[in-house]
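Engineer: The primary structure of each chain is shown beneath.
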Amino acid sequence: MPMEATTVVNPLREGLRLERTPEPCTMVIFGASGDLTRRKLLPALYNLSLDGLLPGSFAVVGFARSEMTDEQFRQQAREAVLQFSRRPVDPGLWDSFARGLFYASAGSLNLEDFQRLAELVARLDRERNTGGNRVFYLSVPPSAYSDIVQQLGTSGLAAQGVDGSGWARIIIEKPFGRDLETARALNHEVAQVFPEEQVYRIDHFLGKETVQNILVFRFANGIFEPIWNRRYIDHVQITAAESLGVEGRAGYYEEAGALRDMVQNHMLQVLSLVAMEPPIAFEARAVRDEKVKVLRAIRPLRGEDVARNTARGQYGPGWVNGREVPGYRQEPNVDPASTAETYAALKLYVDNWRWAEVPFYLRTGKRLPKQTTEVAIHFKRAPLLLFRDMADPASLESNVLAIRIQPNEGITLKFHAKVPGISVRIRSVNMDFLYGASFAVQPPTAYETLLLDCLEGDSTLFARRDEIEAAWSLVTGVLDGWRELPPPAFPNYEAGSWGPQEAQKLMAGDGRRWRRP
Amino acid sequence: MSAEQESPNLHWSGQAVDVQAIDAVLERLREKAADAAPAEGAALGTRTSVLTLVAYALDAPAAQRASETIAALPEYHPSRSIVVLAQPSDSEPAIDARLSAHCHIAPGLEGQVCFEEVELTVMGRAARHLHSVVLPLLVPDLPVYSWWSGDLPGDLHLLSDVLDASDRFIVDSTRFSDARLGLPCLASLAQHTATAVSDLSWARLTPWRRLIAQFFDSPSLQPYLESLTTVDIEHAAGSAAQSLLLTGWLAARLGCQPEGAENQVYRLRSAGGTVLVSLRARPSPDEPGSIVAVRLVASRDGSEATFSVRRSEPQLATVTAQAPEASLEHTVRLPGAGEPEMLAEELETPGRDPSYEEALAMAAALLDA
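Line order of the protein sequences matches chains P and V.
Position 218, counted from 1, in the first sequence is what this note's numbering calls 218; the numbers after and before it change by one each time, with no gaps.
Position in the second sequence counted from 1, then plus 517, gives you this note's numbering.
The hints are simulated quantities; they were obtained by calculation from the structure and are not laboratory data.
Please note that the accuracy of each hint is not assured.
Think about it this way: if two alpha-carbon atoms lie no more than 35 Å apart in a straight line, the pair counts; the simulated DSBU-like pairs of lysine-lysine are [stated by the list, open to error]:
| id | chain 1 | residue 1 | chain 2 | residue 2 |
| --- | --- | --- | --- | --- |
| 1 | P | K293 | P | K370 |
| 2 | P | K418 | V | K549 |
| 3 | P | K505 | V | K549 |
| 4 | V | K549 | P | K414 |
| 5 | P | K414 | P | K293 |
All chains should be modelled from the sequences, with the hints used to inform the complete structure.
Structural biologist: Here it is in structure tokens:
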């Protein structure tokens, strides 16, 4: 990712390959004893340290309610890294990494607790030469965001250093609000304390290699962009399918549902990367300017549009991957009469010059037959069916370019070819490009990429305030529309199937069908 | 299931072969290898290519070593590798070939990794026209990385043949029999060819350069960079190439000019005064020529600061800074610097590397001063 100019120019940095070592800083993790910290953040930091990508002067402060010593936190971190890191713990290196880990008890999150935190961070600035730079990572339930942000402001922790040299950034996890109104309120609160350019709303989807590769694929190649528009593209399908159920997140999921959990953030982010105009530069402002234009151009769904252009579902019992699984309402901690949707499909139009009248079909669901995320660009058919007598017309489908985000990251182009022989017989063939087969390199995890980007002050892959609000505006319209409709007859799809009939009808009504990923 | 057990290696060999026939044989081998690979859930028979690697050697042991290094490349495999053993003489041209194709499922990755190896022994007069043998075997229109694994050849015609057929020319200056003679030759070559020249020894310095640079990311410590007084570089006996390149890099980046040298102490003139750089070889269990320790001393407004990086174990280094403003000490990992790892790193790098070329030119100037 591109780097913004830093204030200090170190002549020895010039020409260092693969170099992205950020400025010295201290990272404070709120919710340091939580699941995300254990599974993702600490392993990501450790792997960055293995690769020598953390600043030479760096410290991590864990901040959570439980009482713990630095030593206990270090021990906990070691266990987390042992269990979840993509690479093993190097005993020779661990001590040095662990010496940079500290812990402060959050007590009851009052001003005094934050003042103690401020003292600790100031001490680390002196002792570890971290230069007055801070990153605050909110890995806590959304209900705590507001208090923490306010206290960061009041305690002076969010302020820049006295001489203006230090910076303070904040990383905020999803869900960012639960509708337009709450997202706006949260944005407003954050803006009281942090200027927008220091706010990093994390969406781990954007840290995935293949998602970033959508931009490279589209804009580093000359051959795709000329056909990337309404003249050549019939429609686009974006699928994020999970074979898992709610897996212990029932409390959250009951409140959220598939639309909030997946569509508002991940899927609309992917849609905006697929549909955006070429940015004028590969840097945070230019890329996000173009993404937000797409989100704003999506035709809002209101009232009756919602029933016509969306489908929702909830899984009943069934079989997935050869295993019998319960229905959603039978999952632990789920209301037996729950109306939370575990499946959502949307038909959207991006009303701009490039995409007028090209439908974008989005679908996401739990307990679908397989785990897969992909974008499929369906091109228009050849204008004249020259070969209709030599092939079953149904087999002369349009060309499809599928970008697989996970698993098996890669790109597949489906086109027609003549079956060798005297007569002309035509078959569809898939040409597959797999990242793994061309570049046999294990990529960094999404959290490694995004944490490093934030430490470097590069917000290209983070969502900006206006993007969040544009996405919520669309999603809130759908949620409102659903509320006005009669309660759905859930469950309406069997676990292990490709979703409810309503979703099939959404497509069939347009003479199209969902691709089988 | 380890990839090794499962990888089908299909071989073909022939004597006095026709170069034109090699491509067809490779095609056949590739299909067989893809068919035989354990491909449950993986795509079969597709090939996505990234580059061709051509290794040149003038004797059989060197060719053998090159083959072994290529076989040991971690993670990153060239789509096609060609090892050319050149045995020029006035006798009739003859070419022996051994071909093999491999497909395996790389651990932790999806899909098959397929690659082909060609080993050629080019004898007689044909060895003076290597391009006619190598050009037809390159994967169309993808970068060609040529690797020359010992001293540069004295035969300029041969060298220019190799350079013409390459986008990137890779050497390992640590393997030069005398770095003090080899580096100036290489510097002159880099200056006069359009092909990007690179050096595995430079790749070995990457972590050292990064760690040294990191000291001066801190705004409070950066001014010391302008007031360096001495730099001590220790390296494992066997070659001074890496130490000389590291000195060349520091001098080039800091805008210093070489003033003279005495007993392995190089005098540099910087804006802030004179910097004395001393290189010391010492017996070490580490790879010959590899850097063992670097220590920089700076003096500013009457106060002194020292910055040092010292290898404590083969893959660990202790980094310390002592300055009135701050002191720090931590341990970092030094990535493996074996030939396969370094070659893999070079294969990932496209285009010229101006920093290397400047460091090399400066190292040559130091030796000349």
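Engineer: Give a verdict on every hint.
Structural biologist: Evaluated hints:
no. : hint              : result
1   : P/K293 <-> P/K370 : holds, 33 Å
2   : P/K418 <-> V/K549 : holds, 23 Å
3   : P/K505 <-> V/K549 : violated, 45 Å
4   : V/K549 <-> P/K414 : holds, 24 Å
5   : P/K414 <-> P/K293 : holds, 30 Å
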